[in-house]
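Protein sequence lines correspond, in order, to chains A and B. Residue numbers for the first sequence, in the working numbering: 1 to 334. Residue numbers for the second sequence, in the working numbering: 1001 to 1334.
What the hints contain is simulated information worked out from the structure, not anything from laboratory work. Treat each hint with caution, since some may be false.
[To be verified] Covered by chain B, per the in silico footprint, the following chain A stretches (three or more residues, Cβ under 8 Å):
#: 1; region: 147-153
#: 2; region: 198-207
#: 3; region: 212-226
#: 4; region: 233-244
#: 5; region: 252-261
#: 6; region: 320-327
[Stated by the list, open to error] Chain B regions said to be covered by chain A (calculated; three or more residues, Cβ under 8 Å):
#: 7; region: 1216-1226
#: 8; region: 1256-1262
[Claimed, not checked] Okay, the calculated beta carbon distance ranges per label pair:
#: 9; chain 1: B; residue 1: Lys1118; chain 2: A; residue 2: Ser250; range: 23 to 29 Å
#: 10; chain 1: A; residue 1: Arg176; chain 2: B; residue 2: Asn1278; range: 37 to 43 Å
#: 11; chain 1: B; residue 1: Leu1267; chain 2: A; residue 2: Glu186; range: 36 to 42 Å
#: 12; chain 1: A; residue 1: Asn221; chain 2: B; residue 2: Gly1333; range: 44 to 50 Å
#: 13; chain 1: A; residue 1: Asn278; chain 2: B; residue 2: Ser1330; range: 48 to 54 Å
#: 14; chain 1: A; residue 1: Gln114; chain 2: B; residue 2: Lys1206; range: 40 to 46 Å
#: 15; chain 1: B; residue 1: Gln1307; chain 2: A; residue 2: Lys53; range: 54 to 60 Å
For each residue, glycine too, the CB sits at the ideal point set by N, CA and C.
The lines below spell out each chain.
Number of protein chains: 2
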Amino acid sequence: MELKTIAFDVMGSDNGLIPAVDAAIKLLSERKDLKIIFVGDEEQLKAKLATKKYDKNRVEVINTTQVIEMTDGIMDIRRKKDSSMVKALELVRDGQADAITTGGATAPFIAGCQFILKPLDGISKTAFMPVIPTINANRQTMLLDVGANIEIKGEDLEKYAIMASAYAKAVLGVDRPEVALLNIGEEKSKGLDFHREAYQLMANNKNLSFVGNIESRYITNGLVDIIISDGYGGNLALKSFEGMGKNLLSEIKAALTKNIWRKIAALSLRKAFKEVANKFDYKNYAGAILLGVSKIAFKSHGSSDTQSFFATLRMTYEAITNDVITKMKSAIGD
Amino acid sequence: MELKTIAFDVMGSDNGLIPAVDAAIKLLSERKDLKIIFVGDEEQLKAKLATKKYDKNRVEVINTTQVIEMTDGIMDIRRKKDSSMVKALELVRDGQADAITTGGATAPFIAGCQFILKPLDGISKTAFMPVIPTINANRQTMLLDVGANIEIKGEDLEKYAIMASAYAKAVLGVDRPEVALLNIGEEKSKGLDFHREAYQLMANNKNLSFVGNIESRYITNGLVDIIISDGYGGNLALKSFEGMGKNLLSEIKAALTKNIWRKIAALSLRKAFKEVANKFDYKNYAGAILLGVSKIAFKSHGSSDTQSFFATLRMTYEAITNDVITKMKSAIGD
Chain A
1 MELKTIAFDV
11 MGSDNGLIPA
21 VDAAIKLLSE
31 RKDLKIIFVG
41 DEEQLKAKLA
51 TKKYDKNRVE
61 VINTTQVIEM
71 TDGIMDIRRK
81 KDSSMVKALE
91 LVRDGQADAI
101 TTGGATAPFI
111 AGCQFILKPL
121 DGISKTAFMP
131 VIPTINANRQ
141 TMLLDVGANI
151 EIKGEDLEKY
161 AIMASAYAKA
171 VLGVDRPEVA
181 LLNIGEEKSK
191 GLDFHREAYQ
201 LMANNKNLSF
211 VGNIESRYIT
221 NGLVDIIISD
231 GYGGNLALKS
241 FEGMGKNLLS
251 EIKAALTKNI
261 WRKIAALSLR
271 KAFKEVANKF
281 DYKNYAGAIL
291 LGVSKIAFKS
301 HGSSDTQSFF
311 ATLRMTYEAI
321 TNDVITKMKS
331 AIGD
Chain B
1001 MELKTIAFDV
1011 MGSDNGLIPA
1021 VDAAIKLLSE
1031 RKDLKIIFVG
1041 DEEQLKAKLA
1051 TKKYDKNRVE
1061 VINTTQVIEM
1071 TDGIMDIRRK
1081 KDSSMVKALE
1091 LVRDGQADAI
1101 TTGGATAPFI
1111 AGCQFILKPL
1121 DGISKTAFMP
1131 VIPTINANRQ
1141 TMLLDVGANI
1151 EIKGEDLEKY
1161 AIMASAYAKA
1171 VLGVDRPEVA
1181 LLNIGEEKSK
1191 GLDFHREAYQ
1201 LMANNKNLSF
1211 VGNIESRYIT
1221 NGLVDIIISD
1231 GYGGNLALKS
1241 FEGMGKNLLS
1251 EIKAALTKNI
1261 WRKIAALSLR
1271 KAFKEVANKF
1281 DYKNYAGAIL
1291 LGVSKIAFKS
1301 HGSSDTQSFF
1311 ATLRMTYEAI
1321 TNDVITKMKS
1331 AIGD
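Bound-form chain A, shown alone (with noise of 0.2 Å):
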């Protein structure tokens, strides 16, 4: 059995490499075929993996004596040469991981994707591609860019297009994906130049199923299987909804424990609230592909916890199994 082998960076992050590990290790156990390399503090990862137990097979540990911080701009990328964050993209590029998987900087994580891993044949801007949460319990929703790149033209978001629709027939099984344009109205004539020309583009796409604009209101209604955007839009809507979730719930909650009567009643009630609250808890989407490079690639929340991490080193998996970039490679050519 072949292994599929993701480098995970587990420095850098908000909450340092224990829900990393402890998330990985989770992931080990369920996937039989996966192989995680973890970088980092040789010294820390050996006590927390000592406390653990895993295939020994099948986990690696590289030592590095750097780390990229949260504060740290694009050029730490060259600087650092012995972070793990570029320690793990080296073993991609090298072909020693099928992947990475990081929650470490941003704006670093995209300079080293394209600095060291290289972008695809065909592709000038990469975008960050979340999985949303929606009430269509037959339809996820891929939303991008969320944030890579805020200076786009029209031809990028078709690009974006493209490569997200084949990610989706790999990865969600989605026969021909719908694609929507995330804009400030339906009508084609609205927005900036670069909508109207993404949607004279992708409309003239026949290899996309365009179906037009949509607005931000549905975005989590499930309408479509992707939404495309300029990273800028895509991630004011993005963190919009994300910030009124986590308010509404807690606001609920609150209003649910005000009294001893009200919680005696909501007691009951509590698995009812669970259910929707871990439906659109961002913890279970904390994680988005950089698409438009030419290996695996992916990013979890800085402030990830071992939900996230799983749920981002999952996605990870699910990826390299499903082959997505020779997928993506064949979309862009054709």
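Position chain B relative to chain A; hints supplied.
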């Protein structure tokens, strides 16, 4: 007692004039110094008014024969001279009314405000500014622009901040309103060129309490009084959290009515849910002033019902009462 007069364009919204009239009659009964001039189809208006009790000295009906439809463009403002929207704008221009409220089409309304009411001196871009519900019981937040202008410069955003600050002082009674800039990150270098320009201008403006960038995640947290944005970003952010709020509440409702036991338990918590749902119900903040116009001009959602129109009319009334135009003029002149 001097009457505050609203010219109310009751045609052109999705639900016809019945909810509009219901809302106006309700507010007339609560505010004894309010006068409403209903502008629209006289026959329909009189038929509806005949079913109502109200102070006839504070109600007027002006007949118009045309309607600005939702599908109309900005040029229809010039073409449809006997439309209810144009007539209502002219009543304000000519001093027969202190303000206009409409649920009609957005683009023609913005154009009509520019052509007929004129912008404030020194203002080149107008901005829609709704008041946003927040989880902070002591603070409402005003978000602007949410879609009047999608191509702006840094200096336009500074003007938005100046006008919104004057408005917050006058209407919300906030002494030194705190202003933040909506952006994809907190660092001052983040975003597009206009963000960095606006950041600099607002930071250097001693009449503003500028606190820096804010991510869309925190819009509903009530951290500041005013959030400034370009109309593209503001529109995406606003509709994104509105959509999530609606979807999350409907998911919770579905989870709580999934079986008979849950239904019974949920019954006793109805009041708790109502509290939260009401707070975040966008019907209660369906109205937005168009800032930058030389008269008070309010737009309510095209799909406004009685509750929405009532909220928007009440905001219009409060803007008149607090003489916001004079105060904004003086703030711009500083």
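Status of each hint after checking the structure:
no.	hint	verdict
1	147-153	holds (count 3)
2	198-207	violated (count 0)
3	212-226	holds (count 7)
4	233-244	holds (count 11)
5	252-261	holds (count 5)
6	320-327	violated (count 0)
7	1216-1226	holds (count 6)
8	1256-1262	holds (count 4)
9	Lys1118/B - Ser250/A: 23 to 29 Å	violated (45 Å)
10	Arg176/A - Asn1278/B: 37 to 43 Å	holds (42 Å)
11	Leu1267/B - Glu186/A: 36 to 42 Å	holds (39 Å)
12	Asn221/A - Gly1333/B: 44 to 50 Å	holds (46 Å)
13	Asn278/A - Ser1330/B: 48 to 54 Å	holds (52 Å)
14	Gln114/A - Lys1206/B: 40 to 46 Å	holds (42 Å)
15	Gln1307/B - Lys53/A: 54 to 60 Å	holds (59 Å)
The earlier numbered hints that this structure contradicts are 2, 6, 9.
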